[in-house]
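Here the protein sequences line up with chains A and B, keeping their order. Following my numbering, the numbering of the first sequence begins with 457 at its first residue and continues without gaps. Following my numbering, the numbering of the second sequence begins with 7 at its first residue and continues without gaps.
To be clear, the hints were calculated from the coordinates, so they are not data collected in a lab. Idealized CB from N, CA, C, for every residue including glycine. Check the hints yourself; a few may be wrong.
What the hints assert, rightly or not - Here are the simulated PhoX-like pairs of lysine-lysine, each with C-alpha atoms no more than 20 Å apart in a straight line:
no.	chain 1	residue 1	chain 2	residue 2
1	B	Lys85	A	Lys1387
2	B	Lys124	A	Lys577
3	A	Lys577	A	Lys604
4	A	Lys1411	B	Lys39
As the list claims (entries may be wrong) - Far from chain A, some chain B residues (derived; all Cβ distances over 12 Å):
no.	residue
5	Glu30
6	Ile63
7	Ser122
8	Arg228
Listed here are the chains, written in short residue letters.
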Amino acid sequence: MAQQGNVGELLSMLDSPILGVLEDITAAFKDNLICDRGPMLVNNLVDYYLETNSQQALHILSTLQEPHDKHLLDKINDYMGKAATRLPTLSLLGHVIRRQPSWKHKLSQAPLLLSLLKCLKTDTDVVVLTTGVLVLITMLPMIPQSGKQYLHDFFGIFGRLSAWCLQNPGHVAEIYLVHLHASVYSLFHRLYGMYPCNFVSFLRSHYSMKENLETFEEVVKPMMEHVRIHPELVTGSKDHELDPRRWKRLETHDVVIECAKISLDPAEASYEDGYYSVSRKLCTSLKHHQTDPSASSYIGTQSSYGTSTPYSTPRLTLSQMPGQLPQILSPQSTRLSTEPQQVTIWSPSAVCGMTTPPTSPGVVPSESSQSASQPYSKAFGTSAGGKGTPLGTPATSPPPPCTSDDFVHVSLSSAAATPPKKEDKPDSGRPLLYRQQNVINSDKSLDIPSSKSSVTLSDLAEFLGGLSFEDSAEKDREEDAISKEISEITTDAEHMVPRGGFDSPFYRTNESLSGSQKKTHSAASSVQGHSQTSEPLTSLDKPGPEGARETPRQTFTPIDKPCGGPGESPAGNREGTSGEPSILTPSPCKVPAQRRVGFGSGQPPLYEHLFEVALPKTAYLFVGKKTEELLKKAKGTQDEDCMSSTSPVEVLDRLIQQGADAHTKELNKLSLPSKSADWTHFGGSPPSDEIHTLRNQLLLLHNQLLYERFKRQQHALRNRRLLRKVIKATALEEHNAAMKDQLKLQEKEIQALKLSLQKEQARYHQFQEEHDNIVAQLHSQIRQLQHDREEFYNQSQELQTKLEDCRNMIADLRLELKKANNKVCHTELLLSQVSQKLSNSESVQQQMEFLNRQLLVLGEVNELYLEQLQHKHTDTAKEVEMLHAAFRKELEKAKLCVQQQSQRLDASQKRIAELESQLSKKDHLFLEQKKYLEDVKIQARGQLQAVESRYRAQKRITQAFELEILDLFGRLEKSSLLKKLEDDKTEAAEAAEERLDCANEDTAGHSEETMGRNGETKPPSTRGSSSSKGGSSSELSTPEKPQNQRLSSRWETSVLLEPSTTVPLTVGSLPSSKSFLGMKARELFRNKSESQCDEEGLTINRLSDALKTEQCKDPSMESKAPPSPDNLSPKLQESSVGQLHIMDYNETHHDHS
Amino acid sequence: MADDSQRNFRSVYYEKVGFRGVEEKKSLEILLKDDRLDIEKLCTFSQRFPLPSMYRILVWKVLLGIIPPHHESHALVMKYRREQYWDVHHALRVIRFISDSTPQVDVFLRIHQLESGKLPRNVAFPLEPEDEVFLAIAKAMEEMVEDPIECYWLVSCFVNQLNSKHKDSLQQLPKILEQYLNIEDNRLLMHLKACAAMSKLPYDLWFKKCFAGCLPESSLQRVWDKVISGSCKILVFVAVEILLTFKMKIIALNSAEKITQFLENIPQDNTDAIVSKAVDLWRTHCGTPAHSV
């Protein structure tokens, strides 16, 4: 336990005032934590913290790393259970959670969450509840997904606490309730932002109950006035919003911003992309405006009360113009010199219409403040201006139009002053963007003094638009940064003033203002805020000594004005306070005032008359009415401090502000050393419970502050991300510009190239023309030459035709020549012929002459013969007649003969025909006969085939038989061999010799028989076929029978004797016979395989021979047989029966056939 | 001419209208009236038409040459045949190859063996594959023919015809089967080839035994009509038709052994249809035999 002691020591040293020791100790703790994984150290630390509230311990605890988280949570959970330690534990938890430890996701599983919820549900201590709710609200965005299982617990808590706010069951001080209300309000925002559907359905179900209706009316409904409709209500569903995918993309700060988006409350809201579609610029202007106050208020809360006031002073200007929303923009616009259109766009809002009352005749004190803004708005001259003018003109008596001018100037100068500041940031942010820098530098160096704000602004707008116009959030961010800077400057200014002289800036400005307002305007933009704030201050200060006290209170009011409703009411309230001092005490402005009254100070009414002067009458009336109502309520229910339209946050702010004011004032006034003294001063002894209350209040405020800080951190995170986007965008812009330059260069190059191209083209055209000319010339030459050539060609053709003609002529002439020659030849021939004829004719003439002479001679002879003939004519007639008759008879005879001949011919011809017909008949007959013969042949062949097949079958049968027989023989021999082997050999040999001698006689006789039988034994083998042929075999069969019988008997005997005979055979002639038998068998097999029918007979003969020889031997052996006939009998008889049977079959078969 | 005039004049139209075989019996009777039967014409008739069962045995006997074409010699030749049968029968009894209790089919086998000279030395000798074929055919024939002698002769001559006349063509049949199966159903052939079942189909049963034992006798007769009349290609078509008919089942089977087993034991219910389709298929592929009736 040395270690424990060690730890105790360390713990005691933890809060050592020496810085070095502190660091050492812290380092030692961290080392320990790294080394040690046990819960002990953590537990000790928690204990220590709870005991001493040590900041160091808190620091260590809130930076705990992973393995210790469980111990820490367990420990916290332990302490959470105890009522006494609950509050510090909760604040510790809050500290730890706000650090956003890496193990924050484990929170949802930790039992701590359950006990926290339980505590929130059951606890009755407001402080604990408020702290717990804030812790819960902080925790919710860290566990959006896993927290959904406790959704109804959250809702239940909300329901309980909202009811609490109204009913106050614990009857605690209202101050607490304000805190509680504020935290419930935050819870409402968180829940509505994160789970709208579920939450709305919860609200619906929870507040539909009658007992809850009042709570709804009083507490929840006003809250709902500060939120817009969540888009998820339209697009999402209960399940969808619990979908893990929805939350996966969102980091904690995203969730926070999401929730802020749907808020209409300026203290809560954050306007980012998508929510404002009207005009971006408007948005931005508005945002400056809204973020500015929030930022400043933030800072304000962060720093002491005293410091907070100056920051919020800018807002004062806005508050100074209640109901004139367009003018709300003026400080912003002066600073940023936004376009007038924005204002015009903004002005028509219904809220403005409602809130802007008609002119108030006498608004003297506020004149100064309005003079700053009203002319401005008037200068823009729109509906806003229209509204503004009635107010402004009477108010701004000293600088009617010129003020506006001045104001513009001021804005310009201020703008001139601001840009450098704005751009300082970008400078540092983007050192790479030299172009931008150049612009900025030039702006800085040249334009700052001379250039108009519009220029710089437009530059800025361009710059901003170019960089991040698409994302108004970025712009917003920038503006944010600017505003922060401004505020920083103001704080600096503030800080320069000693803390004691808290009011001094105002006074100072007041003084300067009283000198000349314009001068204040011409001050730097940051200062302008001061100047503007100071204006009202001066006005306020003048009326009463309480002015200083009054101003601070007003400083926080600006929070209201961004949103119309709240913006109006505080003004009204203020007016109410001013207008009706009597009623004022419970005044809407409310709790603070009331409280202060409650605290025992009766000062409030002091400043109220100021409002009377400062506010228009109608507004005053309106507010008065309101306050009356509120008063009633306040009277009715103690806690009716919340206006239906004021957000609880405002109320809280106001409360703080008032508290701060009171504090500072008292401090200033009384310069009392202690608060207790302060309290005593207020009247009555300081009750201990009040101190307690104040402490608690302080604690609550601290919690609230921490919560707000947490929110700021989230915003900062987001801002960083957006800045990165801006940087990227500008880089791209640069890149684009560079590309454009390159493009230009290239375009130039292209132009140069085009020029040269044109030149080249011109040259080319020239060449082309020259070339064309030459070509044309050449063409004409060619044409001429061609023409010439054609002429020549024609000439030559003409000549050729002539030549042709000549040739033709020559040919013709030749032909003619030939013809002539022919003619000549012909004529020569003719000539020769003629000459021949001539000679012939000459000879013919000579012959003619000779013949003529002969003719003459013959004529004379003829004459002579004629004379002779005439003498002999009479004798010849008779002779001729006789001849005639003879001839006639001969003719008749011949005719008869012819007749006979023809008759004979006819007869013979008939005969021939007859014979021929007979012949054909015969032929036909022959054919038929042939056919028939063929038919018969076929028939016979068919039959023959059948017979043949039968014959073949028979052959097969015999073969089979033979095979069988041989088989049997073989078997017989084998068996006999085996049996007779042991018989006497010599005896057998002698007996064989004797028997051979005496058997010779027998054999002679036998041989004859056997011969005869052989002749017949052949037929039986073929009998199968022969017997079928006809009955002829019957003749054969008769002699066969005795033979068969004989044969069979002999068979029998031989078979019977064989066993005995085999012995001598084996001795004497067995080898030969055996070999012979084997040969036979072989032959048979061969025959069978070859189916040679011819050899069949031979083999059978041989077989029979063989049998015969055996039979020859048999008788000789017969005598010897007796010794052993008995033992053979059964087998042999059987076989013999078979044999006999075969023989019988032959007969039977015979009969069959 | 006289025959023609006697025939129904409508006979020409029957075939056109689709009635086949109305006049077949009559024309067969006319054919059978001729003395000296024209074997060619009988062959053509048998190939063209299914034989009427009352004339089937007669026609088969004539076609197988058991009885000659002349009517006169029928009785005589049959007598010879009978005698031959009994001779052989007796011989076999003598050498105790058969006895009274021997089944008829075995008797036929022994007789056939004896006649062809292939009788084994002993009864106990194992059967040759060709003997198995003979037995199968004889069994089928026994169902169709009553008279044992006629039956024996038909079987014997049928087997002889197969062994002599169709021996060469029978060996070609598996190839032809593949060819026609390719034409008819390529997919089935592919499947069979894929299973390697093509070589393992029951060719012995189909082509050597001519479906004896595979088809019931009523269907078998019609196939054998064609085979006896000289066309053994019909066997291929019957096989093709069997494959086509049982295509789905065959495709469902994957192994060659299963297919073979299935084909060896095909269901016997619609074999008539198979044979009819096979005959049609055979007609379409091989053409109608010349109408010479």
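Checking each numbered hint in turn, tell me which of them this model violates, lowest number first.
As far as the earlier hints go, 1, 2, 4 and 7 are violated by this structure, in ascending order.
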